[in-house]
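Colleague: Taken in sequence, the protein lines are chains A and B.
Going by this note's numbering, the residue at position 228 of the first sequence is 228; the numbering climbs one at a time, nothing skipped.
So the mapping is simple: this note's numbering equals the position in the second sequence, first residue as 1, plus 1000.
Bear in mind the hints are in silico, worked out from the structure with no lab data behind them.
Don't take every hint at face value.
[Said to hold, decoys possible] In silico DSSO-like links for lysine-lysine, alpha-carbon gap of 27 Å or less:
id, chain 1, residue 1, chain 2, residue 2
1, A, K125, B, K1253
2, A, K178, B, K1153
3, B, K1044, B, K1153
[As the list claims (entries may be wrong)] Just a few of them, taken from the derived set where beta-carbon distance is under 7 Å, the chain B residues facing chain A:
id, residue
4, A1071
5, S1074
6, L1104
7, T1289
What you are looking at is a predicted structure, and each value in this text was computed from that prediction instead of being measured.
For every residue, glycine included, the Cβ atom is placed at its ideal position computed from N, Cα and C.
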Amino acid sequence: MSNTATGYTLAELCIAAAAEAFRHDGEVLATGIGVIPRLAASLAMKTFNQDLMMTDSEAFLLSEPNPLGARGADFVQANETWMGFSRIFDNVWSGRRHAMLGPTQIDRFGQSNTSALGGTYQQPKVMMLGARGFPGNSISHPNSFFVPGHNPKVFVEGECDFVSSIGYNPARLPKGHKLDDVDIRLIVTDLCVMDFGGADHRMRLVSLHPGISVDQVRENTGFELEIPAAVPVTTAPTVEQLAIIAAMDPHNQRAHQIKDNPPGDRTGAGS
Amino acid sequence: MDKQMSAAQVVAELRDGMTIGIGGWGPRRKPMALVREILRSGLKDLTVVSYGGADVGMLCAAGRVKKLVFAFVSLDFIPLEPYFRAARQGGELEVMEIDEGMLLLGLRAAAWGVPFIPTEVGLGTDIVTRNPDIKLVDSPYDDKEWVAMPALKLDAALIHVDRADARGVCQIAGPDHYMDDWYARAASKTYVSCDELVSTDFFRDPDQARQVFWERAATTGVVHIPGGAHPTSCSPQYGFDVPHFKAYAASAKEGGIQAYLDQYLGASEQEYQQRVGGLDAIRSIALPTY
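With the hints as extra help, turn the sequences into a complete structure.
Modeller: Right, here's the structure in full:
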């Protein structure tokens, strides 16, 4: 019996909402980069999709996800097989993976940027990480995004300054590929949940977090979203889910992931 | 065959303009003592191929890199490498920015002696628009276009390992050998620094031999440098030096690379290690928890 929790943080709401991305994945490697995506994958694996696979973020595949942060000296992780970085690519290119990542820019096509902002390519104004594994992830397997600060600098008006990952952009579609080959699942932000289920793969509002309005999402998105006539409220985490999240994150790293760690329900917060 | 060399002898075999592959990953098991020896030399105009960390940052800041082949440069817990950023933002660097897996394919192509390996990785992204040297090809078997990831042939590879014998049998005892086997195979010359020099008998134990990821024929030279990965990690022996990396990153804001090098580099690895607290201090750095 699931009891909807009444007191929960926005981070916990996002973890529960992001876990939904992995619900129907079956037996794939779930990779959540960052605290909230990793806890989301962990929550999914501990509850409604126990077939998921996760790594220790280093070199082993686990049959039980590791809690975050320092663990007791007597902690023994549940190794299942070696999974060094070279072997990760064997998995990635097989397609049996779903990654949830947090790029710096996302455009209306679902293309994302992890590399460079502004200036020219030869001399960017702000250099970031580089393309990392985004090009390969995006063309090989499903991907979702987590955005802790939903604003027009992330959801940019034009194309991303550098396109690290393929999206639903007809102009960049490789020969012999279809837009349907691209598989971007959920986008969970501090305001809402979105997907690409709109007409012609347009980004679409799926649910609003409690206390957030459609206008707030519109104002903070640099392009037009598809907005259904009725938009539901994001489902609150259950008491059981909160207990699992707390057990997976004993040092409460989730409290530091979204600015000011607001409550999950911002009804009447007057923002 | 005795392949033992000094770090200075390794660097003396390198030439300006060479393509150098550097093993490890971000802040993990980088051949930093060999990188420091390059910093003490006049070597320049290098093309560096790396899953980059401070190795790339230091060489860029010191003006030794003409071109960088990379997918990322990061110190992990400090996500953005400050000196790499400065080099890019200064417009100084020629780059081949590719996906992490493409870098692996490029090393494999070089190791296997094929001009390229086809992949769909990079399609639909700026990897293919920003790299005129990376071509697309049609397949003889289907109607799709494919990225022809070119072989990344290395003039030399630099790698740090836990143990090696004098003949170049190299052991990586940590949980991941990353792509170091491919660096070793992709290079004309592979120079390996090791934390421990062991006798050949050491590898008779199959559990020890199981952690050897390339044959000694792919090793050109062996340099015994205990603690030689510092400030990066050499798991399970030591972790990465968080305070040192913080000081390194802070130097990018104040003082610059010259201040960092003046403070730490020294005239030799011995002097460097004294300046960072000594070998025992390096060996006592705790392993990170992910």
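Colleague: Would you mind marking each hint as holding or not holding in the structure?
Modeller: Results of checking the hints against the structure:
no., hint, in the structure
1, A/K125 - B/K1253, "holds (17 Å)"
2, A/K178 - B/K1153, "violated (34 Å)"
3, B/K1044 - B/K1153, "holds (18 Å)"
4, A1071, "holds (6 Å)"
5, S1074, "holds (6 Å)"
6, L1104, "holds (6 Å)"
7, T1289, "holds (5 Å)"
In the structure shown, a violation is registered for the earlier hint numbered 2 alone.
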